[in-house]
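Novice: Using the hints, put the two standalone chains together into the complex.
The primary structure of each chain is shown beneath.
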Amino acid sequence: MATTFQLNGKSTTLDADPSMPLLWAIRETAGLHGTKFGCGMALCGACTVHLDGQAVRSCVTPLASVANRKVTTIEGLQSKQAKAVQAAWVLLQVPQCGYCQSGQIMSATALLEKNPAPTDADIDGAMSGNICRCATYARIRAAIHAAADSAKA
Amino acid sequence: MSSQIIPPTLTARRAFLKSAGAAGVAALTIGFDLSSTLAQASAAAPAAAAPFAPNAFVRIGADESVTIVAKHLEMGQGTYTGLATILADELDADWTRVRVESAPADVKLYANLLFGMQGTGGSSGIANSWPQLRDAGAKARAMLVTAAANQWHAPVAEVTVEKGIVYHRPSNRLASFGSLVKSASALPVPASVQLKDPKDFTLIGAKPARVDIPAKCDGTALFTLDVEMPGMLVALLQRPPLFGATVRSFDGAPALAVPGVVKVVQVPGGVAVVAKGFWAAKQGRDALKVEWDDSKAEKRSSSTLMDEYRKLADQPAQSVRNHGDATQALKGAAHVVAASFEFPYLAHAPMEPCDAVVKLDATRCEIWYGAQFQTVDQANAARAAGLDPQQVSINTLYAGGSFGRRANFYSDYVVEAVSIAKAYGADGTPIKLQWTREDDIHGGLYRPMYFHKMEAALSADKKLIGWRHVIVGQSIMAGTPLGPPGKPDPTSVEGAATIAYSIPNISVDLATTKNGIPVLWWRVVGSSHTTFAVEAFIDEVAHEAGVDPFTFRRQLLENSPRLKGVLELAADKAGWSAEPLPKGRGRGIAVAEAFNTFVAQVAEVTVDEKGGVKVDRVVCAVDCGIAVNPDIITAQMEGGIGFGLSAALYGAITLKDGRVEQSNFNNYRVLRMSEMPKVEVHIMPSSEKPTGVGEPGVAPVGPAVANAIFAATGKRVHAFPFNQGDAAVGS
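As given, the protein sequences belong to chains H and S, one line each in that order.
Position 119 (the first sequence) corresponds to 119 in this note's numbering; numbering is contiguous.
Quick note: to get this note's numbering, add 1000 to the position in the second sequence (first position is 1).
Keep in mind the hints are simulated off the structure, nothing from the lab.
Using N, Cα and C, we set each Cβ at its ideal position, and we do this for glycine too.
A few of these clues could be false.
Unchecked claim - Computed, partial: chain H to chain S, Cβ under 10 Å:
1) D17
2) R27
3) E28
4) T29
5) G31
6) K36
7) T73
8) V85
9) W89
10) Q93
11) V94
12) G98
13) Q101
14) I105
15) G129
16) R133
Claimed, not checked - Every beta carbon over 10 Å from chain H, so not counted as near; a handful from chain S, in silico:
17) S1393
18) Q1555
19) E1661
20) G1714
To be verified - Pairs of lysine-lysine residues, derived as DSS-like cross-links and limited to a Cα-Cα distance of at most 30 Å, are as follows:
21) S:K1462 x S:K1331
22) S:K1276 x H:K10
23) S:K1311 x S:K1656
24) H:K152 x S:K1207
Chain S on its own, in the form it takes in the complex (with noise of 0.2 Å):
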């Protein structure tokens, strides 16, 4: 093997980068293409050798590429290219050398450290994934520089690598990481290694561009509604009008009547019409006749529901949080300040509608879609299809969006896929499930709503010395595995009962509601309600103490240096202290700790005559530790503030007798672009250990902006959404 290598030029990476995002595409189709796919991978390869693996998360070939395995679902967040960062920072390896492929389900290899199971969520793919990754990566790279050692007969101290390359500058040589593929494969793995002082980083803390973009711009990016094989049909399936009703009985002549459609099945869920398409499935779940049984339907309004959880609200309820005396720091209270906020049922509304295909036969079961629950999934499916978990394959794909939609411990669109297939014959068809908007906006698993009452004292001297905070609502992990009856979900009052303020007396109460509607996280999950109560909440506290909101937050952040420090530099950047804004305009402030990243936002807005309210600026501060990727954090925020400033402008939906009002993008309305504020980014240098950024950039944008609309119009907001008719703005 030749010791003496000439680098890579700049035409053969231009080659390589075009040629490697072909076979990312391809690493991705592998599943059902396998055939096809080696052949293309040998032909243009004849000299491919077994690659280097010495771990589950990365492997180098011969042809110098470094694929690094993913276990976490990229939905948007950029984790492919933070995950590939870490690992490839401790490598050294040469970035446009990598690709990024998704691991398979096996919770042995690839379980999320922070949950015990393979899945991605909580904000914790970077957080958990930073001593694994770091150490996978600086093992590969140990055992490329005991290879290149040994082969030069050089001291393993004096060799060095860059971008993929390994030195021995003494004599003057050098080898690439493929020309060392097969003698570092035959070394051990190293049982512990030194990790890179942080000052050493090249990759982290840089912008390395994200891998999946280019695919991303010209149509090539594979979704699941993109997978096709031959034979493959298309399932659509009609559901119950009511959550909790069921199949009384159905006629599926005028759907097999249509042309194009093949069958006609019922399952737990429905009844499913199988087609060689999707408009013929979909003319024909138009022409099915079903007729439900509702008896055991909820058939509630939500405002029914509301007015019973207001009621709730002044019964005694389970304490989460209780410290000092708060009911007695309100009745010695100098000045009393009480306010409750509402908050209604929130779709995850992701732009690619829930979808997935299965390939089920009486041994096997493979799926392929954008999961995010691997585990959970693995097992609902082999139930649904009546096999072991271990007969049930799952092909990670690209995820349209999720929000936390594709996290659910029901596998609800995946077991309804297989329980089609399994109908259908399970003879090995490959059936695609697809969800249209009307089946995701009816389709349950909401953000819950929820009803939150609050008192403040103050002293005479108009200082905090009591907070009682009551919440109403159902609870996300009842009934999950992760939910014992009993105990409060800390989903419920996570911003709540671990509110940051210095305040000597305190109370946090929680009355869990059951009801027939599925409710699920939505993105920030706890905090996208209980941050809105806690932040608008402090702002009337900080009038009515008349104290500047800023200042009176920062004088109850002593304690809590990195919320009080984002909170300073958001404030700093926003020109906080500058001249107030003209009439009708306002600025407000919040700040929210989420999955241990801190957040702090001022937004500015506008006001019209009507209480119209349009969010013109939105100033953001963020502190996730060591910024693995700076625009990538970037665009998390900005994109966490368009996707909270939907839900608080006109996020909601709402059930009459049952049945949900809402049913497409005209009625469930999201933020467009005309509606995008200016967003400033400002991270917050840190030595920590990293932290997640997908999530807690919602936070805190709702309540800036109900403080803005304060300042605007000397109104405050208390139910949501602010852009809904008279609610608008003013109670």
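Pulled out of the complex, with its shape left as it was, chain H reads as follows (with noise of 0.2 Å):
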């Protein structure tokens, strides 16, 4: 059973099962790697996409429930926000195994998009949901305040 939605900006039709989870019908039937599994129960955020602009776990999203709405991966990322997360990713030097990264860069993202300049609260909530087993909080919370300064710019 075909499911139609918009993946990075163009409309595309998967073949898939309708109960399969977004992750995998992004993964395996649309061949985009960028999203990670790491736990399958939305308890670690590795899988985080953007769905009509939310942050959400791919791996407890049944593909059907996509059907005519906006999804975002790591590969479609455009906005200014954005950009402006992936470069001070690379200038805090934030990740280390980078397993989880492309799910925190996408809250990161989804966080700056709706909110130009979040406090230390704002990021423990809307991070908390992704985990990092390197530990990477710090450069992680460095991160986001240096885009949110330089998004602004």
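Specialist: What follows is the structure in structure tokens.
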């Protein structure tokens, strides 16, 4: 059964089990590998994508539920805030193993697109669903503040 | 060949950087996409000549690329960048031209010089590679210099190198590395070369940007999860619910009824569902019916095992350190301090659950994954496949974390993947074995559970005169090629038997237990529990002696200048002697030596009315010899502190009647953003040889927090983790 939705700005039809989590549809059917599998239960955030601009965990989002909606993955990031986040991630040398970082960047971008000047508490609220076992948290926090500053400029 | 070249412009460098990033990915995919990669490469560089490859660690291309071959796994610790920095500095390469690719499995060329086999661990990557890569870089440089000198008829002594350009200043000539590739390749490799004076280092001690970071910020970094090949299938393996259980019987029909499921096969580790994708394999596995034979399985609870450990601590045990007469000192002591400490099993829980892609046929086995013990895995994979190790090739990809999990003598998930490919038919079909998070948390190879019993003797004038320490727990090394029977396992006692404090009478004993729960090293290995016990207990002894815990340690570290150095640095930067923190808050200190790196940390905590612990700030001082890349050292201390805190605050794998009670990040909790303290890292200047930083930062944080909890509450913590219901604070 096919599901049609906007994937990174393009109308996309994926012929896959409609109950399949969006994560696997993106990865295995659409062939976009930046979004990662970490827990399968929306506990770690490695699979975070944007659904109509909101950060969601694609590992528990059925493919059928995104029909006719807009999905953005790390490969499709375009906004000023997204570019500022990615640049800050490189500048502050955030990643270690890197596996969770697509999800971290998606959550951080969604935060900045709604809140151009997040406080530490805002960052805690938006980012505590994203686990990093390398514990790059301090750099993630600093990079979000840096990205907020540069996106404002 | 022109001797007058224009150094590349900034624009060209940027363009190169972009293509180098793409090439970095291509290099990793070369094993399974050789034809198209080569086609792209030759299209991009029509004049590609043979590179200059004077040794196994560096290739310089006519296109000016400097490819450094990393024998160690990049799992987040920054080793690709550290290794490349060492070689590139001696080579005087242009850092913007440097790219890194992983070495194939080849023990002759790429053995870890501290292990005698190819593998990454024990924070040894930089330490063992330091002389090797300096030599490799310096020899390559010498040959490029000779090639240029020959070409210019100039004395070698007048030739200099800077950022990939060879100069003869007296005649105002220069040549790029790329232009010298052909002539340098014709020269003999010098038997020995002069290494740089450390004052002339240009990259070492600077902070060259990590080579792997751009691809890790745009989703293009290639992990095992991301490997795709034409016709590839995905397998999930149903493992027994108890360690040591085996398959009695199974019914594969319900799994085969799931659309997309291709085959159900039995392998030594369980029953595998092989399907056209993860989701079908997952649904197939969920539908599978397996009857288990648990007659030989471990059915005890971890609490039962801990009861046994407590009793064993009072029995005679194997001596691993005996100096003076601790028993006599305790008998004659004016004051005796005693405490015991309990540490649970811990899972590594790297963000990327274990996975491996195998392509197996009758004569060849090729594997793609985050290989950490290439030589061991190659042998184990060969045995599982029924091939010779030479017929097994390994493509080492980025690993999404490991913390020790991927370095094991059993090659557990690699053998599973090969066994599935064999049972499937060994017909060359690529098969990806994918673990779920539940597979990972239930998957064994945990940091062992330990019990520590400690006693200290103080003289009438409150001097520490005796120390007795008994450790009870499973051996990590027993039964492995590195664990000879009967000998105490050094990984059970490191950090305890090697206690740095000057104490006239010391005894350290080990009672090694056996049970059916598979165990393995976990980041910082033995020091993950020994440092905890030693540093929490010495704090209790200092308190009993009425001496400030910093001063007490300092007095006992006269013979350990580097440990004393970091202790003083951390205390100074943390404001140890400043005003006490307000009520409900406290400061604690701890030190550790692990893998010849010295670390001290001061933790500041807040404890709420319910005993909940929040760590506010950690100040860390580290002495790891010459700081190859200070930013990566800082990052590893930050990450090590966060990792250690996960365990100290929340980490515990428990078993009830043999069943692991945790399954995912909801009940195997790890540190999250809101719980990460402020971390300040200070690196001790040093001219000693560099040592590793991937693990040592983990060791002191738990006891520093335990000691801070005491400062905040007056209560000692003896069972871990801290934040676990009533067991939180207070004993």
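Novice: All hints are to be evaluated individually against the structure, with a verdict given for each.
Specialist: Quick rundown of the hints versus the structure:
1. D17: holds, 7 Å
2. R27: Status holds, d = 8 Å.
3. E28: Holds, because the Cβ-Cβ distance from E28 (chain H) to chain S comes to roughly 4 Å (cut-off 10 Å).
4. T29: holds, 8 Å
5. G31: holds, 7 Å
6. K36: holds, 6 Å
7. T73: Hint on T73 (chain H): holds, closest Cβ of chain S at ~7 Å, below 10 Å.
8. V85: Holds - the Cβ of V85 (chain H) comes within 10 Å of chain S, reaching about 9 Å at its closest.
9. W89: holds, 4 Å
10. Q93: This hint holds: Q93 (chain H) lies near chain S, its Cβ roughly 6 Å from the closest one there, short of 10 Å.
11. V94: Nearest chain S Cβ about 8 Å off; hint holds.
12. G98: holds, 3 Å
13. Q101: For Q101 (chain H), the interface hint holds, since the closest Cβ of chain S sits about 5 Å away, which is under 10 Å.
14. I105: holds, 7 Å
15. G129: holds, 8 Å
16. R133: Holds - the Cβ of R133 (chain H) comes within 10 Å of chain S, reaching about 5 Å at its closest.
17. S1393: Nearest chain H Cβ is 23 Å from S1393 (chain S), so the label holds.
18. Q1555: holds, 33 Å
19. E1661: holds, 16 Å
20. G1714: holds, 30 Å
21. S:K1462 x S:K1331: holds, 15 Å
22. S:K1276 x H:K10: holds, 26 Å
23. S:K1311 x S:K1656: Between K1311 (chain S) and K1656 (chain S) the Cα gap is close to 20 Å, so the pair holds against 30 Å.
24. H:K152 x S:K1207: holds, 28 Å
Hint violations for this structure: none, all hints satisfied.
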